[in-house]
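K.L.:
Sequence:
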Amino acid sequence: MPQALNQRWSLDFVSDQLGNGRRFRLLNVIDDFNSECLAAVPDFSLSGLRVIRELEAIMAVRGKPATIVSDNGTELTSNAVLRWAADQGIEWHYIAPGKPMQNGFVESFNGRMRDECLNEHVFTTLAEARRIVEAWRIDYNTVRPHGRLGRLPPAVFGATRRPEEQRGGTLRSIGGFAPRPVAPPTERAKQEQTQPADV
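Under this note's numbering, the letters of the sequence shown match residues 3 to 201, in that order.
There could be a bad hint or two in this list.
[What the hints assert, rightly or not] In silico DMTMM-like pairs for lysine to aspartate or glutamate, Cα to Cα no more than 20 angstroms straight-line:
| hint | residue 1 | residue 2 |
| --- | --- | --- |
| 1 | 101 | 130 |
| 2 | 66 | 56 |
| 3 | 101 | 77 |
| 4 | 66 | 45 |
[Said to hold, decoys possible] Label-pair restraints from in silico Cβ distances:
| hint | residue 1 | residue 2 | range |
| --- | --- | --- | --- |
| 5 | 85 | 116 | 39 to 45 angstroms |
| 6 | 100 | 25 | 20 to 26 angstroms |
| 7 | 3 | 113 | 15 to 21 angstroms |
| 8 | 100 | 133 | 32 to 38 angstroms |
| 9 | 91 | 47 | 26 to 32 angstroms |
| 10 | 19 | 81 | 29 to 35 angstroms |
| 11 | 129 | 89 | 16 to 22 angstroms |
| 12 | 150 | 24 | 24 to 30 angstroms |
| 13 | 140 | 65 | 17 to 23 angstroms |
| 14 | 134 | 47 | 16 to 22 angstroms |
| 15 | 122 | 85 | 35 to 41 angstroms |
| 16 | 75 | 113 | 17 to 23 angstroms |
| 17 | 55 | 114 | 23 to 29 angstroms |
| 18 | 123 | 81 | 32 to 38 angstroms |
Because the hints were derived from the structure by calculation, they are not lab data. Yeah, the Cβ is synthetic: ideal placement off N, Cα and C, and Gly gets one too.
Let the sequences and hints guide you as you build the complete structure.
P.N.:
The structure is reproduced here in structure tokens:
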């Protein structure tokens with residue numbers, strides 16, 4: 003279990019279709035520490051090079067992960083991805099074939115996204131899918147409380163972690179990116195925020 007932001011990211015693809023039957027895929031990237039969805043990218047084509055571009059865009063804001071976990075799909079085992087991960091000093095861990103629960107954080111997220119967003123909409127265009135998925139992603143990260151996180155939304159929980167708890171200081175503050183949670187933090191969450199970290 004990761005102990006800080008950016009220790010382990012998980013990624014996976016989800017498939018859906020437009021109202022006219024044309025298929026598209028989504029690249030989902032999750033920080034396993036706080037379950038924050040760092041990216042949900044719908045497109046008709048998501049190659050290994052596109053995955054790299056999306057990861058670099060996330061890293062420009064958030065810093066570099068120590069490890070990335072994924073299945074061994076062709077986009078993710080390409081020479082370009084392997085070389086990029088090695089050049090970045092990122093450990094890329096591939097789960098065993100046919101064992102999706104070895105990537106449980108993103109698989110759980112995929113199920114929630116399918117139930118709450120993809121199955122609730124018939125997208126007429128890719129632009130509409132991008133707009134609706136991004137609005138859902140922002141709500142998931144900044145408004146919706148998560149029981150595992152002391153009833154805080156993922157982005158709020160991540161923002162409450164002290165800098166000394168972050169791996170190698172790689173996390174850079176994004177600023178006031180998250181609204182206040184809908185419900186106030188629990189007493190336990192307040193205490194955890196004010197107690198010094200165990201050494």
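K.L.:
Now look at each hint and say whether the structure bears it out.
P.N.:
Cross-check of the supplied hints:
1. Between residue 101 and residue 130 the alpha-carbon distance is near 33 angstroms, which puts this suggested pair outside the 20 angstroms criterion.
2. Restraint check: the Cα-Cα separation between residue 66 and residue 56 comes to about 13 angstroms, which is no more than 20 angstroms; the hinted pair holds.
3. In summary, the hint linking residue 101 to residue 77 is supported, as the alpha carbons are separated by about 18 angstroms, within the 20 angstroms threshold.
4. Straight-line distance between C-alpha atoms of residue 66 and residue 45 comes to about 24 angstroms, which puts the hinted pair past the 20 angstroms bound.
5. At about 32 angstroms, the beta-carbon gap between residue 85 and residue 116 misses the expected band of 39 to 45 angstroms.
6. Between residue 100 and residue 25 the Cβ separation comes to about 22 angstroms, which falls inside the hinted range of 20 to 26 angstroms.
7. Checked against the hint of 15 to 21 angstroms, the C-beta distance between residue 3 and residue 113 comes to roughly 20 angstroms, which is consistent with it.
8. A C-beta distance of roughly 34 angstroms is found between residue 100 and residue 133, which places it inside the suggested range of 32 to 38 angstroms.
9. Distance hint for residue 91 and residue 47: a CB-CB separation of about 28 angstroms, consistent with the stated range 26 to 32 angstroms.
10. Roughly 30 angstroms separates the CB atoms of residue 19 and residue 81, a value that falls within the hinted 29 to 35 angstroms.
11. For the pair residue 129 and residue 89, the beta carbons lie near 33 angstroms from each other, so the given range of 16 to 22 angstroms is not met.
12. Checked against the given bound of 24 to 30 angstroms, the beta carbons of residue 150 and residue 24, roughly 36 angstroms apart, lie outside it.
13. In this structure the supplied range 17 to 23 angstroms holds for residue 140 paired with residue 65, their Cβ-Cβ distance being about 20 angstroms.
14. Between residue 134 and residue 47 the C-beta distance comes to about 20 angstroms, which sits within the given range of 16 to 22 angstroms.
15. In this structure the supplied range 35 to 41 angstroms holds for residue 122 paired with residue 85, their Cβ-Cβ distance being about 39 angstroms.
16. Distance hint check for residue 75 and residue 113: the Cβ-Cβ separation is about 18 angstroms, which falls inside the suggested range of 17 to 23 angstroms.
17. Between residue 55 and residue 114 the CB atoms are about 26 angstroms apart, so this pair conforms to the stated range of 23 to 29 angstroms.
18. Take residue 123 and residue 81: their Cβ atoms lie about 36 angstroms apart, and the range 32 to 38 angstroms holds.
Of the numbered hints given earlier, the model fails hints 1, 4, 5, 11, 12; all others are met.
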